[in-house]
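Enquirer: Listed below, chain by chain, are the residues.
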Amino acid sequence: MRTSEDVADGAAAAGHFASVDEVEARLAEAGYLASPAVATTVYLADRLGKPLLIEGPAGVGKTELAKAVAEVAGARLVRLQCYEGVDEARALYEWNHAKQLLRITAGRDESWDETRTDIFSEEFLLARPLLTAIRGRDPKVLLIDEVDKADVEVEGLLLEVLSDFQVTVPELGTVRAERRPFVVLTSNAARELSEALRRRCLFLHIGFPEEELEQRIVRLKAPGLDAALTASVVRVVGALRAMDLRKAPSVAETVDWARTLLALGADTLDESVVRRSLGVVLKHQEDVAKAAAKLDLDAV
Amino acid sequence: MNGGSGLAGRLTGFVRALREQGVRVGTGESVDAGLAAEALGLADRERLRAGLAATLLHQEAQRPVFDQVFDLYFPRTVGAPVPEGDAQVPLVREELRDRLAAALAGNDAAAMAQLAAQAVDSLGGYGDASGSDGWSAYQTLERLRPQTLLARVLAGLREGQELREGQEQGAAFTDRLAADEIRRRIEGFRGLVATEARRRVAERRGADAIARRAVAPTADRVDFLFAHRGQLAELHRTVRPLARKLATRLAARRRRAARGRIDLRRTVRGSLSTGGVPMRPVLRRRRPGRPELVLLCDVSGSVAGFAQFTMLLVQALHDQFSKVRVFAFVNSVDEVTDLIEQGRADPEGLSSRILAQAEVTRFHSSSDYGTALGEFAERHAAALSPRSCVFVLGDARTNRTPPNAEALRAVRDRAQRVYWLNPERRSAWDTGDSAASVYAEVVDMYECRTAAQLGALIGRLATV
Ligand SMILES: Nc1ncnc2c1ncn2[C@@H]1O[C@H](COP(=O)(O)OP(=O)(O)OP(=O)(O)O)[C@@H](O)[C@H]1O
Ligand SMILES: [Mg+2]
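Each protein sequence line maps, in turn, to chains A and Z.
Residues 1 to 300 in our numbering are what the first sequence spells out, letter by letter.
Residues 1 to 464 in our numbering are what the second sequence spells out, letter by letter.
Since the hints were derived computationally from the structure, they do not count as laboratory data.
Among the hints, erroneous ones may be present.
Stated by the list, open to error - Lysine to any residue pairs mimicking SDA-like chemistry, simulated, CA-CA at most 20 Å apart:
id: 1; chain 1: Z; residue 1: Lys245; chain 2: A; residue 2: Ala190
id: 2; chain 1: A; residue 1: Lys247; chain 2: A; residue 2: His205
id: 3; chain 1: A; residue 1: Lys290; chain 2: Z; residue 2: Arg176
id: 4; chain 1: Z; residue 1: Lys245; chain 2: A; residue 2: Val152
id: 5; chain 1: A; residue 1: Lys290; chain 2: Z; residue 2: Gly349
id: 6; chain 1: Z; residue 1: Lys245; chain 2: A; residue 2: Lys290
id: 7; chain 1: Z; residue 1: Lys245; chain 2: A; residue 2: Pro57
id: 8; chain 1: Z; residue 1: Lys323; chain 2: A; residue 2: Lys247
Produce the complete structure using the sequences and hints provided.
Expert: Printed below as a string of structure tokens:
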């Protein structure tokens, strides 16, 4: 539990934003259009100094949000991309063995004790994202991306780092964050995360945006597309999402589709345009067939 | 508003109601929720909702329950809706329908919320004087019948389109989306009416009481035996997430088991060479990996929903087992493993496909556990091995035919473990024609009424 001491501790990150409105406005300047829920939760994560766990389908802007927060906070983005088999050496730190060997061969006449002290010093340490994120005084955003892809064991490591914001390197001692990074974890829910990790975090689910917001995103990302056409694109995508497809189209697909239509020089969304470009929005052949049937398209 | 004074009191009541709905909220989270509410204030209700959800929830599945409880403890407004302009109060049905049609056509969210409040106020009250006994969403919707507005809204939209475009272009492509869009908006309006009726009732009886009675539980806490069609469909959508969760848990268990426990006897024996100092702990040999799973399911009408859900869940989990085989029965047993594999695309139709394509009944169509168990033991014994874990699913209601516990014993003796999952409340076992305790003497029987219970049981039992 949080104690008043913790908050007073200079290590707490809090304080990039003064209000929810400010979050919304500054993210928009960085090209990210936040829903009220997104803006509110980012504000709270900053204010309470807690890591933010973002879940949601692929392509709804989870990663993009972390990048935008880094940009507006004037912070360095430190990214740990998770995958099956990512381990401590990739996530936390590793000794630079090659360099250590060179050093050992170079210093032949000194005692082993001297050599040992030397080769286990800062100079030979390779900091990985988790260590990088808590060292130094400059502001940072730590993005732990697709944490559900990592093995369960890595969660223990994350839990440790995110609880104390300190890392112990046996040969060097303990590194304690002078300034806590703003932490974002993202997950596609490929695997259920542990209760303990969830409890450390504020939780944000980003789903598909409301029609009005999605139109604004398209206008921002595909400027120049006719307003009526933009509205139609968003409506069709909404209809596709209601169809229970293998993979529902996400914001990323909506934007791709809008850009494709711009490139094709289409000025309205008619049957033949939809038929020709549906492949941009739907990734599986069976989805294309199902959608074509439901939308009453002639043979695709 | 009841339940303490001010924001702190309201939050306390809110958190208590969430816990009663099965949301696990720790003290750390309540403290954070308090800090969030303080930082955000009450002025913007949707921000407050988002902030409390961020601090109190850990998964999206709990969101529907959260929203219903939030609407009770932080209501949109207080009291009856205020009449606007020259409208006569209460609004008559036809006027409500006219305005609703316009709001649906224009996708006007604010107007729909207003109309939901007015509709409950004019049409939803019951008792001596309207509303003296309560407010009913069901009655409101029965009288208003918003679903019958579809054709009218569509005709209106088409007309507007033609006026604007001077009929030159014919129907635009997006017109074919309109019907489904309007249907979704009507669905949304029904939700608003339900929320409003609960708010009005809570004003009279207190939010605590209504939260306890009227909040619809998350799908995974709905009783299998009483779930209606809509809930079953919703339940099927939880199969995949639940399977993912279980897969994580089963894999972790297997890993733990594989690491092995210290074998004390062999450690001590080994220590003789080091003068009795146990230098090297000896680990028990790891057990074999994935177990085989055999499901034996009663698919008769009364428990079909339960069996179907479990079959789909096990199918989704098949990676976790070296082999999964599923048998179904009413009064005769047949293997349905393949049918389930094909059935993933259309879970709702699974039951009827099993009844149509597998031979699960003979001579008559009521359950006969004794005969079915006997047949299984006799004909499908080859499916069982010392590595198989068997789940029998059913209510053990034998229609007063002989239970044939012998057959169950034979199954038990050939398998590693046999568990019986019974979807009936424990207190109903052995009433009427239930032979529950006869079978419970032979194998371990567990009450399994909801998807949440089922998930917990499979996660705990299905490792050999
Ligand atoms: N609210 C938004 N404002 C601006 N752009 C957005 C927004 N939401 C999504 N996008 C667009 O969608 C694209 C995909 O977003 P992103 O890669 O962050 O998705 P993701 O949720 O991280 O997906 P994945 O789970 O596949 O990693 C971005 O490049 C961005 O253009
Ligand atoms: Mg991403």
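Enquirer: Holds or violated: are the alpha carbons of Lys290 of chain A and Arg176 of chain Z at most 20 Å from each other?
Expert: Status holds; Cα separation ~16 Å.
Enquirer: Is Lys245 of chain Z close enough to Lys290 of chain A, meaning Cα to Cα at most 20 Å?
Expert: At roughly 30 Å apart (the allowed maximum being 20 Å), Lys290 of chain A and Lys245 of chain Z break the hint.
Enquirer: Does the alpha-carbon distance linking Lys323 of chain Z and Lys247 of chain A stay inside the 20 Å limit?
Expert: 28 Å, violated
Enquirer: Does Gly349 of chain Z sit within 20 Å of Lys290 of chain A, going by the straight-line distance between their CA atoms?
Expert: 19 Å, holds
Enquirer: With a cut-off of 20 Å on the C-alpha distance, tell me whether Lys245 of chain Z and Val152 of chain A pass.
Expert: Judged against 20 Å, a Cα distance of about 12 Å means the pair holds.
Enquirer: Holds or violated: are the alpha carbons of Lys247 of chain A and His205 of chain A at most 20 Å from each other?
Expert: 18 Å, holds
Enquirer: Would you mind confirming whether the straight-line C-alpha gap from Lys245 of chain Z to Ala190 of chain A stays at or under 20 Å?
Expert: Since the Cα atoms of Lys245 of chain Z and Ala190 of chain A sit roughly 9 Å apart, the hinted pair holds (cutoff 20 Å).
Enquirer: Given the hint that Lys245 of chain Z pairs with Pro57 of chain A, does the C-alpha gap stay at or below 20 Å?
Expert: 17 Å, holds
This entry does not satisfy hints 6 and 8, going by the numbered hints stated previously.
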